[in-house]
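Asks: These are the residues of each chain, in order.
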Amino acid sequence: GRQERHLSFIISIHMFAVRESGGFDFDLTARNARLENDMKGALPKAKKTGTTIAGIIFKDGVILGADTRATEGPIVADPNCFKIHYITKNIYCCGAGTAADCEFVTANMSSQLELHRLSTGREVRVVTAVKMLSHFLFKYQGHISAALVIGGVDCTGSHLYSVWPHGSVDKLPFVTMGSGCLAAISMFEHGYKDAIEKDEGVNLVRAA
Amino acid sequence: TGNPPYPTDDPALGTTIMAVVYDGGVVMGADSRTSAGSYIANRAADKITLVHDSIFVCRSGSAADTQALTDYLKLYLGMHSLDLEEAPSVQTAAHLINQLLYSNKNHLMAGMIVAGWDKRNGPSVFNIPLGGGVIPELYSIGGSGSSYIYGYVDANFKKNMTKEEAQTFVKNAVSLAIARDGSSGGLIRTVTISADGVERELVLGDKLPKIGFGQ
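So the sequence lines, in the order shown, correspond to chains Z and H.
So the first sequence is numbered by the working numbering: it starts at 22 and just counts up by one.
So the second sequence is numbered by the working numbering: it starts at 63 and just counts up by one.
Since the hints were made in silico from the structure, they are not lab data.
Any given hint could be a false lead.
[As the list claims (entries may be wrong)] When the alpha-carbon atoms are kept at most 25 Å apart in a straight line, the in silico BS3-like pairs for lysine-lysine are as follows:
#	chain 1	residue 1	chain 2	residue 2
1	H	Lys-136	Z	Lys-192
2	H	Lys-220	Z	Lys-192
3	H	Lys-233	Z	Lys-152
4	H	Lys-233	H	Lys-220
5	Z	Lys-192	H	Lys-269
6	Z	Lys-160	Z	Lys-219
[As the list claims (entries may be wrong)] Derived DEER-like restraints, expressed as beta-carbon distance ranges:
#	chain 1	residue 1	chain 2	residue 2	range
7	Z	Lys-80	H	Pro-67	29 to 39 Å
8	H	Asn-183	Z	Asp-215	20 to 30 Å
9	Z	His-156	H	Gly-213	36 to 46 Å
These numbers come from a predicted model, not from an experiment.
Where a beta carbon is used, it is the ideal one built from N, C-alpha and C, also for glycine.
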């Protein structure tokens with residue numbers, strides 16, 4: 022009766038107060054579903070970057086490129102945002118899809134890789150970053166909407182990968198992702214050549 | 063028509079994959095197309111993945127699912143071979159990946175062909191279809207493109223072919239499948255595994271064998 026209700030009230034306060042640390046938390050999905058039902062489509066949209074991100078391998082390394090527009094529906098939320106994220110000193114990552122997902126996934130990975138670098142005493146390899154990212158995204162079965170272009174240079178050479186939200190990885194000499202990927206890849210298919218020079222490569226990425 | 067002009071589908075390996083036992087080894091072959099809906103996300107994919115020194119897996123189905131499965135298989139086989147203090151058998155690899163696939167069949171879309179060479183049994187090919195199950199065969203085809211070449215492979219397979227005969231057989235079959243299947247294309251990759259080691263070969267898209275169609 023009254024005591025049971027009092028107890029369950031305390032337990033529910035306790036559950037809110039003591040949060041498990043680390044990782045993502047999908048507790049609010051039920052609330053969001055209810056709101057969507059009540060407000061019937063008038064919900065604010067998550068900031069989603071309609072984006073073009075691209076990367077190429079050139080003679081001496083990797084060139085990554087991205088546009089800088091972040092949109093909230095038809096509105097430009099940020100006309101000059103950074104879509105190329107720092108992972109480690111020798112690895113950078115472009116992100117397309119949900120801005121928050123890209124931001125958090127790359128920041129989380131950067132932090133984990135710094136610890137990895139300190140414990141192994143070695144420069145981080147691109148393939149390590151890619152494996153950790155793809156395994157992470159696969160675990161969330163595509164619900165984390167992050168489409169990434171990762172490039173870097175390590176002791177084994179220059180490497181460029183694209184990672185899809187479900188966790189699949191493609192290793193290629195040139196990649197594009199985001200809503201503008203079709204237009205960009207056509208520029209690369211036309212203008213890319215093996216061991217392209219830096220200036221030519223930069224102009225190609227810019228054009229794409 | 064309401065479709066956004068960028069890929070929204072999860073990358074899938076439409077695919078033509080196959081593996082054939084010859085006298086002394088196996089030849090595995092695959093096309094190189096990864097599609098995200100109608101967009102080709104990767105036109106030069108490598109669908110024949112190494113899981114141990116002389117054991118490879120041909121992947122078809124969801125790109126993410128099959129990459130994750132072969133990553134796990136590589137890990138488990140590596141650990142198993144440390145316990146065994148010798149190279150694991152192809153049969154072990156096939157059954158290991160089957161356990162992963164069958165236990166998670168409701169969440170995975172993966173059809174695999176496990177093939178290789180081991181000391182005890184020589185060359186082996188195992189087909190692992192969508193729902194699980196391990197089927198040992200002398201030759202095996204898989205993926206969406208395989209439907210178009212059942213007749214060709216059934217009519218042209220011979221036991222104890224030489225290595226060159228088997229390689230030609232695989233390249234011809236995959237080439238025919240690519241010609242008819244929209245989800246297969248690009249180049250043909252082959253991997254030949256025997257007691258002598260592993261040989262990788264590439265046939266570029268413009269140099270595909272001219273077979274059939276009145277050639």
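Asks: Using the Cβ atoms, figure out if Z:His-156 sits within 36 to 46 Å of H:Gly-213.
Replies: This hint holds: roughly 41 Å between Cβ atoms.
Asks: Return holds or violated for the Cβ distance of H:Asn-183 and Z:Asp-215 against the range 20 to 30 Å.
Replies: Hint violated: Cβ distance 42 Å, outside 20 to 30 Å.
Asks: CA of H:Lys-233 to CA of H:Lys-220, is that 25 Å or under?
Replies: Since the Cα atoms of H:Lys-233 and H:Lys-220 sit roughly 15 Å apart, the hinted pair holds (cutoff 25 Å).
Asks: Would the hint linking Z:Lys-160 and Z:Lys-219 be met if the CA-CA limit is 25 Å?
Replies: Violated, at roughly 37 Å.
Asks: Keeping to a limit of 25 Å between CA atoms, is the pair of H:Lys-220 and Z:Lys-192 held or broken?
Replies: Violated: H:Lys-220 and Z:Lys-192 sit about 36 Å apart, past 25 Å.
Asks: Within a Cα-Cα threshold of 25 Å, do H:Lys-136 and Z:Lys-192 meet the stated pairing?
Replies: Status holds; Cα separation ~19 Å.
Asks: Does the alpha-carbon distance linking H:Lys-233 and Z:Lys-152 stay inside the 25 Å limit?
Replies: violated, 32 Å
Asks: Check whether the Cα positions of Z:Lys-192 and H:Lys-269 lie no farther apart than 25 Å.
Replies: holds, 23 Å
Asks: The hint says 29 to 39 Å between Z:Lys-80 and H:Pro-67; measuring C-beta to C-beta, is that right?
Replies: holds, 33 Å
Hint compliance for this structure: hints 2, 3, 6 and 8 are broken, all remaining hints hold.
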